[in-house]
Amino acid sequence: MFQSIATRSIVPVGLAVTGFVAICCLSLYAIMKQDMIDDAAQNGRNIANTVVLSTRYAMLHNDRQHLGNIIANIGQHQGVEHLRVFNHDGFITFSRNQSEIGRQVNKKVEGCSGCHSGSMPAEQLAAEKQTRRFKNERGVLVLAMSQPIYNEDSCSVSCHYHPVNHKVLGMLDIGLDQGPLQNSLALMRYRMIVFTLMTLVLTVGGVAALLNRSFFIPLKKLVAVTSTDETTEAERQLESGYGELSLLARNYHSLIVRLNDTREALTRCRSCNKEKDGGGS
Amino acid sequence: MTTTEADSAQTQEEQRIALLVSIRRLHSRSHQGLWAIAAFACTSVPIMLSDRIFPPLAPGIKKMLGTPPSSNMISALLVVYAFSAILLVLGRITNGSPKMVSFSHIGYLICFYAFYYFSGVLPENFWAVLATGMTILSLESYHIWSLSMAKIKEEEETLAILERRMGMKSHVPESMR
Chain A
1 MFQSIATRSI
11 VPVGLAVTGF
21 VAICCLSLYA
31 IMKQDMIDDA
41 AQNGRNIANT
51 VVLSTRYAML
61 HNDRQHLGNI
71 IANIGQHQGV
81 EHLRVFNHDG
91 FITFSRNQSE
101 IGRQVNKKVE
111 GCSGCHSGSM
121 PAEQLAAEKQ
131 TRRFKNERGV
141 LVLAMSQPIY
151 NEDSCSVSCH
161 YHPVNHKVLG
171 MLDIGLDQGP
181 LQNSLALMRY
191 RMIVFTLMTL
201 VLTVGGVAAL
211 LNRSFFIPLK
221 KLVAVTSTDE
231 TTEAERQLES
241 GYGELSLLAR
251 NYHSLIVRLN
261 DTREALTRCR
271 SCNKEKDGGG
281 S
Chain B
1 MTTTEADSAQ
11 TQEEQRIALL
21 VSIRRLHSRS
31 HQGLWAIAAF
41 ACTSVPIMLS
51 DRIFPPLAPG
61 IKKMLGTPPS
71 SNMISALLVV
81 YAFSAILLVL
91 GRITNGSPKM
101 VSFSHIGYLI
111 CFYAFYYFSG
121 VLPENFWAVL
131 ATGMTILSLE
141 SYHIWSLSMA
151 KIKEEEETLA
161 ILERRMGMKS
171 HVPESMR
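For the protein sequence lines, the chains are A and B, in the order given.
Per this note's numbering, the very first residue in the first sequence carries number 1; after that it's consecutive.
Per this note's numbering, the very first residue in the second sequence carries number 1; after that it's consecutive.
Keep in mind that the hints were calculated from the coordinates and are not lab data.
Mixed in with the good hints there might be a few duds.
[To be verified] Every beta carbon over 10 Å from chain A, so not counted as near; a handful from chain B, in silico: (1) 61; (2) 86; (3) 118.
[To be verified] Below are the PhoX-like pairs computed for lysine-lysine, each with C-alpha atoms no more than 25 Å apart in a straight line: (4) B:99 - B:63; (5) A:220 - B:151; (6) B:153 - B:99; (7) A:220 - B:153; (8) A:33 - A:135.
It should be emphasised that the depicted structure is a prediction, and the values quoted were computed from it without experimental measurement.
Cβ coordinates follow ideal geometry from the N, Cα and C atoms, glycine included.
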C-alpha cells in the first residue's frame, strides 16, 4: 500500500502542506498573542498613569482621605484586581483592599526585583519590565503594572517632608484581570484551528481529488487492460480524454493488434508448411 | 565440476552474500529517519519542561549575552527556515537523491529553542518549533524510507534471479520473483 504511486504522490504533499500551515499558524498565533498582551500592558500603564495624575493634587496636599477614596473608587472598576500604593520603604499605604494596608512587600518578588536586584535600586525601568503576569490567590490570571511615583520640585520644596535625594517616593501597583484577554485568545485559537483544518482539507483533498481523477483512475484502467491480451471495455474508454495515458493505451492497443496479426500469420505459415510437407510426402 | 564451473559458482555465492548484506544495510538505513525523529523528540521533552527544569537566567548572564532578538524576528526566521528546508526535501524527493537524513536539522532547531528561551518567549513558541522539526524530519524520513524500500525491491529481484540460476530455494517472497 505504501509503495503505490497514489501514496507516494500524496504523502509528501500532504506532509509538507500540513506541516507548513501548522508552523505558520502556530507562529502567527504566538505573535498575535504577544501583540495582544503588549496592548493590554500598554492600556494598563495608561490607567496607572491616569491614577497617578489623578492623585497628584491630593498627594501634594497630603490629603490622605481624598487619596484613599480615589484609590478605592478606581479599584472597584470592573477588571481591576488590585490597586495599591507603596511608600519608599515598601509598605502599602493605600489599597483597594483595606486589610492589606500597612503590610510590607518582599522586594525580591517579581515586580519589585526589576529595580531591587542590584545593591542600589534602579530609578528608571523599561516599560516592559514594569509589567508582570501571575495567578493571584483567587486563581485569576493577572496582568500587573508598577508605575513609579517620582519626586518633583513641588513635592520637596512646596510641601511636606520628602528630601530632594529621594528620587522615587513610592510605587503605584495595578493588577488587571486577564480573563477577557484569555477569552479573546481562546476564540482566536479556535477560529485559527477551524481555518487551518478547512485550508488543509481543501488543499490536500483538492490535490488528491485531481490526482485521482486525472491520473490514478486511468492508471488503474491501464494496469487492468495491460493485464490481458484482449481489448476490453476499459481499454476503449481509456483511448481518449486522458492525455499521455490515452496515447500509451493506444500504443499498447496497436502493439497488441500487431502481435496478434504476427501470431496469426505465423500460425497460417506453420499450417501452410504442414500442408506442403503432407502433400510432398 | 570443472574449475571454471567451480569459480563461477563461487562468484555467484559471493554476489549472493553481497546482495544479502546490501539488503540488510538498506533495511537499517530505512529506519534512520525514525532515529532522527526520536532524537528530536527526546531533546524537545526537557525543553518543554524548561520552566521547571532550568533555573531562570542570572541578570549577569543576561547582561553578558546582550539584548536578545525580538520574538517576531525569530518567528520570521523560523518560517523562512521551515519553507527552505521543506523545499529542499521536496527537491530531493523529486530528484530521487539518496542523501541521508541530516541530523544537522536537530542542531538548527535547538538553536531556535535557545533563541526563544533567551528572549523569554519559549512557552509561546515551543509548539511552532516542534511542528517545524516534526515536519522536516518526517518528510526526510519518508523520503529515505521510500527510497530504501525501492532499492530493497530491486536488490531482492536481482537476488531472486541469482538464486534461481544457482538452483537454490529463494529467500525472496513469491510475489517478488
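> Going straight from one Cα to the other, do residue 33 of chain A and residue 135 of chain A come out at no more than 25 Å?
Replying inline: holds (18 Å)
>> For residue 99 of chain B and residue 63 of chain B, compute the direct alpha-carbon distance and say whether it is at most 25 Å.
In response: violated (42 Å)
> Is the nearest CB of chain A more than 10 Å from the CB of residue 86 of chain B?
Replying inline: violated (5 Å)
> Is the hinted pair residue 153 of chain B and residue 99 of chain B satisfied, with a Cα-Cα distance of at most 25 Å?
Replying inline: holds (19 Å)
> Going straight from one Cα to the other, do residue 220 of chain A and residue 153 of chain B come out at no more than 25 Å?
Replying inline: Roughly 21 Å between the alpha carbons, so the hint for residue 220 of chain A and residue 153 of chain B holds.
>> Would the non-interface assignment of residue 61 of chain B survive a Cβ cutoff of 10 Å against chain A?
In response: Check passes; 13 Å lies beyond 10 Å.
> Within a Cα-Cα threshold of 25 Å, do residue 220 of chain A and residue 151 of chain B meet the stated pairing?
Replying inline: holds (24 Å)
> Any Cβ of chain A at or closer than 10 Å to residue 118 of chain B, or is the non-interface label fine?
Replying inline: It holds; residue 118 of chain B is separated from chain A by about 15 Å at its closest Cβ, greater than 10 Å.
The earlier numbered hints that this structure contradicts are 2 and 4.
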